[in-house]
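> Residue numbers (the numbering used here), protein chains in the order written: chain L, 1 to 289; chain V, 290 to 578; chain G, 579 to 867; chain Z, 868 to 1156.
Simulated from the structure, these hints should not be mistaken for lab results.
Small disclaimer: the values here were computed from a predicted structure and weren't measured.
Check before you lean on any hint, since a few could be wrong.
Stated by the list, open to error - Below 35 Å or equal to it, Euclidean Cα-Cα: the simulated DSBU-like pairs (lysine-lysine) are:
id, chain 1, residue 1, chain 2, residue 2
1, G, Lys865, G, Lys686
2, Z, Lys1060, L, Lys193
3, G, Lys646, G, Lys679
4, Z, Lys935, Z, Lys869
5, Z, Lys1066, G, Lys867
6, V, Lys291, G, Lys806
7, L, Lys228, Z, Lys907
8, Z, Lys952, Z, Lys907
9, L, Lys85, L, Lys228
10, V, Lys488, L, Lys2
11, L, Lys228, L, Lys287
12, Z, Lys975, Z, Lys869
13, V, Lys482, G, Lys679
14, L, Lys193, G, Lys806
15, V, Lys390, V, Lys357
16, V, Lys482, Z, Lys1095
17, V, Lys578, L, Lys199
18, G, Lys777, Z, Lys1060
19, V, Lys488, V, Lys386
20, Z, Lys975, Z, Lys952
21, G, Lys679, G, Lys663
22, Z, Lys869, G, Lys777
23, Z, Lys1154, Z, Lys869
24, Z, Lys964, G, Lys771
25, G, Lys618, V, Lys517
26, Z, Lys935, Z, Lys964
27, Z, Lys907, Z, Lys968
28, L, Lys108, L, Lys287
29, L, Lys97, V, Lys488
30, G, Lys867, G, Lys679
31, G, Lys865, Z, Lys1060
32, V, Lys517, L, Lys287
33, G, Lys663, G, Lys625
34, G, Lys806, V, Lys329
35, G, Lys686, G, Lys867
36, G, Lys777, L, Lys193
37, L, Lys199, V, Lys386
38, G, Lys663, L, Lys193
39, Z, Lys1154, Z, Lys968
There are 4 protein chains.
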Amino acid sequence: MKFTVIGGDMRMVSLAMALEEDGHEICTYALDNAPEGTVKCCGLTAKLASTGADCVILPLPVVNTRGKLNAPLSAFTHDPYELIKQLPDGCLICAGKPDEKLINLASKLPLELVDYFQREELVVLNALATAEGAISVLLRNSPITIWESRILIIGAGRIGKMLAERLRDLGAYVTVSARREADMANIRAMGCKALDTRKLMGELSEFDTVINTVPAMILDRPRLERLKRDALIIDLASNPGGTDFEAARELDLNTIWALGLPAETAPVTAGRIIKETVLNIINERQKTK
Amino acid sequence: MKFTVIGGDMRMVSLAMALEEDGHEICTYALDNAPEGTVKCCGLTAKLASTGADCVILPLPVVNTRGKLNAPLSAFTHDPYELIKQLPDGCLICAGKPDEKLINLASKLPLELVDYFQREELVVLNALATAEGAISVLLRNSPITIWESRILIIGAGRIGKMLAERLRDLGAYVTVSARREADMANIRAMGCKALDTRKLMGELSEFDTVINTVPAMILDRPRLERLKRDALIIDLASNPGGTDFEAARELDLNTIWALGLPAETAPVTAGRIIKETVLNIINERQKTK
Amino acid sequence: MKFTVIGGDMRMVSLAMALEEDGHEICTYALDNAPEGTVKCCGLTAKLASTGADCVILPLPVVNTRGKLNAPLSAFTHDPYELIKQLPDGCLICAGKPDEKLINLASKLPLELVDYFQREELVVLNALATAEGAISVLLRNSPITIWESRILIIGAGRIGKMLAERLRDLGAYVTVSARREADMANIRAMGCKALDTRKLMGELSEFDTVINTVPAMILDRPRLERLKRDALIIDLASNPGGTDFEAARELDLNTIWALGLPAETAPVTAGRIIKETVLNIINERQKTK
Amino acid sequence: MKFTVIGGDMRMVSLAMALEEDGHEICTYALDNAPEGTVKCCGLTAKLASTGADCVILPLPVVNTRGKLNAPLSAFTHDPYELIKQLPDGCLICAGKPDEKLINLASKLPLELVDYFQREELVVLNALATAEGAISVLLRNSPITIWESRILIIGAGRIGKMLAERLRDLGAYVTVSARREADMANIRAMGCKALDTRKLMGELSEFDTVINTVPAMILDRPRLERLKRDALIIDLASNPGGTDFEAARELDLNTIWALGLPAETAPVTAGRIIKETVLNIINERQKTK
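Chain L extracted, bound-state conformation:
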């Protein structure tokens, strides 16, 4: 098959290389600044690069916060809405979290646009790679071992649970806070201590490390004030985060807003996960045809 890989960070480079290793033909675009010896650009325009492609893969996310194509490895700025107009008819487009505008545009063109970030297998393995990335961030920023340290994980979603299991295995005393009784039961089943996220307050002073996974303002000033002065806070929640960063700064708390996991800590694995998901999408499409 022929794939065109457009934009994105090192995950997309890894994805392109892994597809090539599998024997596929690869074209890239908007990866002109990728490290030497990895991928090579195959066309001066998206149109040229995607000619004859069976599948075009757009980055995760497709559009950055400034409304442009997410393409940190390109020397140029690209308009994602102009770009998809150049893609060939009948071509499958796999995109990570496309915005409304892009989805609408694709449906009118018409192009088949699939959001690979909605695939459960990607979400699960991405959560796992994120949990491991969080351990990397923790190890890098803490002067104590995970072993025998007291760690609070806020939120018992996928990342929270996977992180809890791993930190427990590394010998930490792990507490996880959640809201539902079912989650509390799951936390106990994992051998961790369960707390109610809504009632977190006095116990906060016990923890060496607090890792937030919930995208809501949990670590507000009153709670931050309860933490030990040398506690480490790692916030994994995407924008706007779950921490009052301003208050944390004033209280001189060591706070890390770890966005961009696992792209930063394990880009090759993260790229392979996207690759597998895209191949699953293609396989399922062929079966239903």
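We have chain L already, so just place chains V, G and Z on it with the hints.
Okay, now just chains V, G and Z, sitting in the frame of chain L:
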């Protein structure tokens, strides 16, 4: 508070004893054959036994396969539908998997009937105790260690996953079969090998032990024929099970239909789990009042 | 190669079958009551059975407590000292824990007698199989789950450590008692709580289960008196054990003296471990020649 | 008690602070450049700083490679042999890996000099902290997750085993190479694959990461040539290491010689471990008196 505990197996005895230890007043009924020194019967009729009770707890399940009250520790046969008519007005009734008839009856009387088996926290911890029970069954029936043995778990539901994690920790080579890509991803995330349940066939000959958790005919004759002669089959699926038991017998395969877990392997813990769930139900009711 | 397997329990049967599967020629003796379809006797005397053998394997232990050959699967009684006199010259004899008399006899005959129970690899894997066997005994005899139960392991030797790791992984709160600071450190490194075996007393009342691995009188009457009435005691120490069994009986404590692990719980694996060790012995002998 | 803490890195700062938190009186020397707000220097000379001390703690190691006191947090250079002459009579001196010259000097003065690095509890917990540090180094330097990566650990000593268990728990396919059959058995008991260190060659091409723990030239040029081009090598062996670093550089292999673990990755925990060991030494001395 005053609780009346009616019928059931050793789980209900454990539940009654645990409530008593917590300082509650306990009456039992239809537990007249419980082991000496555990609980004592408090009334000759359900009516007398439940007079003044804040909460009546019925067994899991309430009704046995013959349409009678599930009461293996009673010398008598009890009609569950007659029995609930004797319960006092305004009393909370916690019952395990009540049938339609009982639910309808309660709504007409009117009695507040809550199915504690629908509570997520019970389902989670019960699954855990079941997984551990399955390990007990496996250890008891296998001449080889779990360590370095090749085990297939069919189904990646709650029990399947909890069992997989534990067998992996005990050193087995664990394969889990599932159908959804998300489950496949979860299986890999746990460090186990994933297979597609629908395609199970040739690989079956590799396994020392096969544990089924899926309530559907998975282990049919063609599949059973692929198993090693000395393989052990443990079927955890409730009636009618997931194995062609007739074929298994003809093929002389060591097959165990392990129903009644965890009541049989860990009645005390199973009773405590019901106790905690009932107390959660009561607490939530008081809050919303 | 040709092996003669003499006496022993189901481990020796498993050992013989495994060697046969590997393509070796097998003769057995004093296994005349082994289950049908497993091994067949090849000679009416040890002499006949071992004619032409490259290696004779004697059971673990060779001699039973009555001074006879350990041969529970034979209808007859055999004298081990008479038996080895019948073995052919120049034949390697692998025996499990031969006594002084047998060693002396062999050196005079002369026969090359190797004690496979002195091999580290057997000791390690046997300890592992014993630890798993102890879990089987525990699960079979306890009405509570290992998960969330409080377990004390006395002794941090091989079996104690392997058992502690596994029970921890199954979700127990594991405490291990030891005497040396190095062991205390190892226990903490495993994520378990460490106590000093010599000072065990008041804390004993916390435990649901106590597992002794130390071959010395640890669980004497004063300590037994501190245990909960419904505590379970499992003693893994070989004769005379580490428990005052008389006192335990008087105190009505549920006490299990689990001798014969792993022969009883995992004979096939235990037999394979002996097989691998015997093959290692043979390989090393050939290299040094 | 009064402690004087002399020289060393952040571990000694952590040690001093932890002793102070325990209520002890602390003096420091040769820590004049420690971060503000941590410890304060108490004397202009070692003599003044140690006056009245019950115990003087010297760093790990005491002497650096240039024959001077190991004191990276001091602005000055200190002669360890001159320094101990200034210590008060009858004072216990706890030192990490003192050299021959220092030991001889102390015995003549006479001063009681104890090497805390010979204490098993320190060695065990230090190995654990080192293993965790190695995971930190690995996570920081690898573009793939530990999960599903293929890792070879050379050597099954304390660090090798602890590292293997943790990487296995994080989902890696872990192989450990060793030389003794007993270690091979232990590796299998841990659920890892065992290889013979002496025969390592062709399999080397399978691994994403190779971690050496053996202080001998294991990763020589012929072996390095077998590694994948994008393999990561982490050498934990102290000077001169176990890798032909010259060859690794020529082969353009990503090689990290991770000396100084756990001082670098977890100085606070490493300091606490020394503190506990020193307190154990003091306790045992008082008992025997």
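> Take the C-alpha atoms of Lys865(G) and Lys686(G), compute the straight-line distance between them, and say whether it is at most 35 Å.
Between Lys865(G) and Lys686(G) the Cα gap is close to 25 Å, so the pair holds against 35 Å.
> Does Lys578(V) pair with Lys199(L) here, judged by a C-alpha cut-off of 35 Å?
Within the cut-off at roughly 20 Å; holds.
> So if I understand the rule, the pair passes when the alpha-carbon distance is 35 Å or less; does Lys777(G) with Lys1060(Z) pass?
Not OK: Lys777(G) and Lys1060(Z) at ~40 Å, beyond 35 Å, violated.
> Within a Cα-Cα threshold of 35 Å, do Lys777(G) and Lys193(L) meet the stated pairing?
holds, 29 Å
> Taking only the CA atoms, is the gap from Lys85(L) to Lys228(L) under or equal to 35 Å?
Judged against 35 Å, a Cα distance of about 54 Å means the pair is violated.
> Is the hinted pair Lys679(G) and Lys663(G) satisfied, with a Cα-Cα distance of at most 35 Å?
Holds: Lys679(G) and Lys663(G) sit about 13 Å apart, inside 35 Å.
> Between Lys1060(Z) and Lys193(L), is the straight-line Cα distance small enough, at 35 Å or below?
holds, 33 Å
> Do the alpha carbons of Lys199(L) and Lys386(V) lie within 35 Å of each other, as the hint requires?
holds, 32 Å
> Check whether the Cα positions of Lys488(V) and Lys386(V) lie no farther apart than 35 Å.
holds, 34 Å
> Hint check: Lys482(V) vs Lys679(G), CA-CA at most 35 Å. Holds or violated?
Answer violated: Lys482(V) to Lys679(G) is near 52 Å, above 35 Å.
> Is the hinted pair Lys867(G) and Lys679(G) satisfied, with a Cα-Cα distance of at most 35 Å?
holds, 28 Å
> Does the alpha-carbon distance linking Lys108(L) and Lys287(L) stay inside the 35 Å limit?
holds, 25 Å
Violated hints, listed in ascending order, are 9, 11, 13, 18, 38; each of the other numbered hints is respected by the structure.
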